[in-house]
Amino acid sequence: MEKIDYTDTGQFCSGHVACAGCAEALAMRVILNEVGTDAVGVVVPSCTAVILGGHPMSSAKIPFLHGTLESAAASAAGVKRALRAMGRDDTTVLCLAGDGGTYDIGLQSLSSAAERNEDILYVCFDNEGYMNTGGQKSSSTPKSATTGSTPLGKTTRKKNLIEILAAHRIPYIATVSPSHLNDMKAKVKKAKGMRGMKVIIVLIPCLPGWGVADNAAVKTARLAVESGVFPLIEVEDGLTYKVAQDEKKHPLDDYLAQQKRYRHLKDDDRAELQADVDASWSRLIGLAAM
Amino acid sequence: MNEQLSPLWTHLSSENRLTGTWRAALPNYQDQPSPCLGACPVNGRIATWIGQVKNGDIHGAFVTLADNNPFPAIAGRICHHPCETACNRVEHDETVGICSLERFVGDAALDQGWAFPAPEEERAQSVAIIGGGPAGLSAAYQLRRQGYAVTLFEASGQLGGLMRHGIPSYRLDRAVLDGEVNRIAAMGIDIRLNAEVMDEAALERLRAEHDAVFLATGASRPKRLPTLDYDQDWIVDSADFLAAPQDEQIARTGAHVVVIGGGSAAMDVARTCRRLGRAVTVLTLEPEGRLPAQKVELDEGAEEGIGFVSAAMLHSASFEGESVTAHCIRVEFQPGAQRGQFRADPVPGSEFTLNADTIIPAIGQDADLARWAELLDANGPVIATAPGWQTSAPGLFAGGDVASMERFVTEAVGMGKEAAHAIAGFLQTGIAAPVPEIAPQVGYDRINPAYQEDHARTHQPVADVVARLASFDEVQEPLTEAQARKEASRCFSCGTCIFCDNCYFYCPDMAITKLEDGGYSVKTDYCKGCGLCVAECPTGSIHMQEDEAR
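Residue numbers (our numbering), protein chains in the order written: chain A, -13 to 276; chain B, 69 to 618.
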């Protein structure tokens, strides 16, 4: 087996208040350790902000600015410019937001920062809903998933943020999963070494929000990757697509079966979702072949 | 310094918050037996030594193996390998080739001349062992390594028992047999060859001279079919045939041999006859697919041109003119509750005949119990034993074929090991030590398949059929070291930690500490009890346990 290979230098501390078994804390551990000590963080209201904080305590060793929900990328851009004015050009600015702060409320400031190609590393912890406020749908919630505000299942598709960002032609976009920690580490390292706007989207199976067992976040994330729902990809300069896997190793049903938010689906619904995954997969393979 | 900070700043680490209070269950690192260990007749630590092979530590693998079995090269060739049936990998794709790996380690040990270490301390007490077969040698080895003085009495002129007299060299090379037997003899065992313990008086003398006695005389008397006249020169006993030198085997068999029986001995006779150039038909009571011989023997025998007539029995045989006519009848076969028990009802009107020059019945062997009838209670066809292989005579233990119907070489090795354990307890405390219980074993549901190697099994090469029939050389050829290590990497290591660090890296709370010695500990101050470490453990070596402290 491939051993997990990164060094935990203690940049993320025990005692944080993420739910037991939360994959977001797992991902934060990899990201904060890989980003290292020469970094300043920005975080906006989200699970991440709660996990990092709880005044007067912090679970991160680097300083974090807690900004407003709509201003994640703008705040990070401001911090970067301030650092540059101080002569600290090489200090990484790490911006952490959820899907609500990225796909919905912060999309305008994200788009603006992307258009200006601000030199920030923006990480979106995508748990496909407003899970920190009780589990309402966001524009990242996938079709048919139930949330507190879509009790019969969401009727519209998940917003394709990757293609929105690719249209801005920013240097680097990547998707990572808490089931593939070496891949996550490598992509954070790569992004950290690049100048300009970098966005990494982390899929976070939310234990209460998705109805996943306490010990199954990693398994669920792995099935998301291996069923092709959430392929691990990189997009450079908005044009060059790279997919880490050659094939889908699991039917979508294996992934859906881990989650209560899809429990209401009938066979036809599942077949429709599978067809959608297949179509998206073909489209992605086509983009990667270009 | 903290006083200088504005109250707007966070100035404490979250480590001040002890999230361990959230927990209801705590991960517990505990190596647990693998199913192969539970199935193994000697309860060998298979996951451990296969892990050592995978890591290239072949000597370490030999030491681990030899803890329970001093015959890895022999067992790796002829064991009926219930471990491979029990292997969790069967549910994933195909069993790990445990036997072929055991042979690889055993062969390496013989090639390198690795010896067994001298006992750490010599003990004054002595044990007499009667019978130099797998059970007797196994017990001698286990007792000698604990420092007991061991005297071993063997009726024939050579050690090995059934392994020498019953298993042909194409399955077990004689150099391998000699090598593993001599390695035990070299531990300082007083070996008396051609020293049959004839009667109860002789047995009583040994009991008086030694502190304990282990009786492992095997089962050497062939069962006989009542309808056959064994004085006819065209009827040959299977045990005599297999033990005979090759010129005698040639002299005793005609061009067409009918072998009666479907077990390993029948296959050994049949395949030996094929190597002597004889045409061979095997007649079995059991229907096809239910023959008691190992599948590999049946498959290789069929490749070598043996004809099978299944679900039939020999009614009578007579010499008519030039050849023997075997009168047979089809049967309805029903196995009984225990090994060796069955019912076979003839099907009326299904009579048929087979022509033969020689008939060799190979329908099993009985232990000679009459010799000890006054002293030792019997349990049907074997000596009666209590747990720990104690007979009805104090200080006298019995194991192997004389005391059990589990008639496999490695079962006998396991009985020798258990008896030695019991005898050591008896010598130290006066009470035979009970056979240790095997804890519940790790099931496939505890294995995380995401971390397992996906390559297919590497089988041992098998010699070409034409070459096989031209000699008594071994049929199964060994794995190379590279092949062995590749096959070893397929092992799930069920219940045995491989120190992969998954538990450490998958903990969202940084609550796992890597220890200096390679193990792990849990920080109870922070572990929230989510169980991710257990779920992502590839080997099932951690489990959640209710946290009683709370």
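Since the hints were derived computationally from the structure, they do not count as laboratory data.
Worth double-checking, as some hints may not be accurate.
Beta-carbon label-pair distances, calculated as ranges [said to hold, decoys possible]:
| hint | chain 1 | residue 1 | chain 2 | residue 2 | range |
| --- | --- | --- | --- | --- | --- |
| 1 | B | Gly586 | A | Arg70 | 45 to 53 Å |
| 2 | B | His527 | A | Arg181 | 37 to 45 Å |
| 3 | B | His527 | A | Asp239 | 30 to 38 Å |
| 4 | B | Asp569 | A | Gln122 | 34 to 42 Å |
Since we're looking at a predicted model, the values are computed, not measured.
For glycine and all other residues, C-beta sits at the position ideal for the given N, C-alpha and C.
Against the structure, the hints:
1. B:Gly586 x A:Arg70: 45 to 53 Å: holds, 46 Å
2. B:His527 x A:Arg181: 37 to 45 Å: At roughly 55 Å between Cβ atoms, Arg181 (chain A) and His527 (chain B) fall outside 37 to 45 Å, so the hint is violated.
3. B:His527 x A:Asp239: 30 to 38 Å: Holds, at about 35 Å.
4. B:Asp569 x A:Gln122: 34 to 42 Å: holds, 38 Å
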